[in-house]
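Trainee: Next come the chains, spelled out residue by residue.
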Amino acid sequence: MQTESPRSRHDELRSALAVSQRRRRRHARLQVALYTVFSLMTLAGAWVVARALLLQPASLAGAWPALLAQVGGAAALVVLWRWQRRRLVALADRALPVREALQRQLDDLALQRRQSRLLLALAAVAVPALLLAVILQLRDGSLDGAAAASLALLCLLPGIVIGGVHGSRLQRVGRQTAALESLRSEFDAD
Amino acid sequence: MKTPTSPTAGRRDDDFSACADRHRRILLGIAHGFAQGADRDDLLQEMLLALWHALPGFAGEAALSTFIYRVALNTALGWKRSLRAGTVGLDAIAEPQDPAAGPPTVLALEQRDHALQQALRRLSPLDRSLLLLQLDGLPYRDIADVLGLSESNVGSRLTRARQRLATLIEGDHHAD
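Chains as they are written, first to last, in my numbering: chain A, 121 to 310; chain B, 23 to 198.
The hints are simulated quantities; they were obtained by calculation from the structure and are not laboratory data.
Wrong hints could be hidden among the right ones.
Below, computed lysine to any residue pairings styled on SDA-like, alpha-carbon distance capped at 25 Å [as the list claims (entries may be wrong)]: (1) K102/B - A230/A; (2) K102/B - R182/B; (3) K102/B - A299/A.
Next up, chain A with everything else stripped away, as it sits in the complex (with noise of 0.2 Å):
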């Protein structure tokens, strides 16, 4: 069936292996380090907002929604590195029985589609409030035209990225899910 030799495959194998898992290491270190990096961001804005609003109430209270967008974000972003770190650890193993090995698979694509789907929850909330807050400020004064016109776009531009993203991935979920469901639908025939 093979014409290779075992040498030539063996280094073929490691080559794959080395590429594989420098891929897999940085995916692993980008997204822990993008995670990271928007968990800090939302609490350092968080942080920033609350203490403004602690120091000067009053021309700062179209700033309250934003502090909620903010404090929903940070919340969300840890309910969100906890999903993943399950994940890693369920698809760990390799070795399961068929059977389990499908449905780990299936729990798997019910928790990435939780977490897209917390993500567009989280965009659909926080986008809007954090608008309003820069509406607000425009409005008594604490932020002029073009300021807020920049607040706005950085507002805008996560939720196109989030929505846009994930909205695919929730479909291609749905897709993958309808292929495994039908796979297990064979064992639990009869």
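Mind docking chain B on chain A? Use the hints.
Mentor: Frame of chain A; chain B shown alone:
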């Protein structure tokens, strides 16, 4: 470029090489049942990668061959799903038969084997897995252990899978 490896990494490498060489037939058999041509080589590579990652977790609670069957089948089933829907994989294209490959008896045997493999690949993933494991000579208990089914269930499913395989081969025979 060669990179220095630690003693642990070197030992893992040796363990893996020995294991992959000893159980190569299992990996090849599963890869052959799920793909052919260049796809089969890709799948075999995926299985070896999965085995490399899984092997340090082998604690001996099942036989090593059962462990390898599980890793190989889980990889093959996942790999099949990861292929894009709507595209025709290379395994869907029949390998050409060379009429000058050998004497008539060898050719007839090769054709029979080819027809069997083609029919196997058209079965559902579960039927295919069951038959591949049985063709490898695994007892019902081990097949049940690999797939996560009960022994009695394996028996009844195998009977039905064999019937479906026979129908497919018969259909192909009549079509020819």
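Trainee: Next, verify each hint and record whether it holds.
Mentor: Right, here's what the structure says about each hint:
no., hint, in the structure
1, K102/B - A230/A, "holds, 20 Å"
2, K102/B - R182/B, "holds, 23 Å"
3, K102/B - A299/A, "holds, 10 Å"
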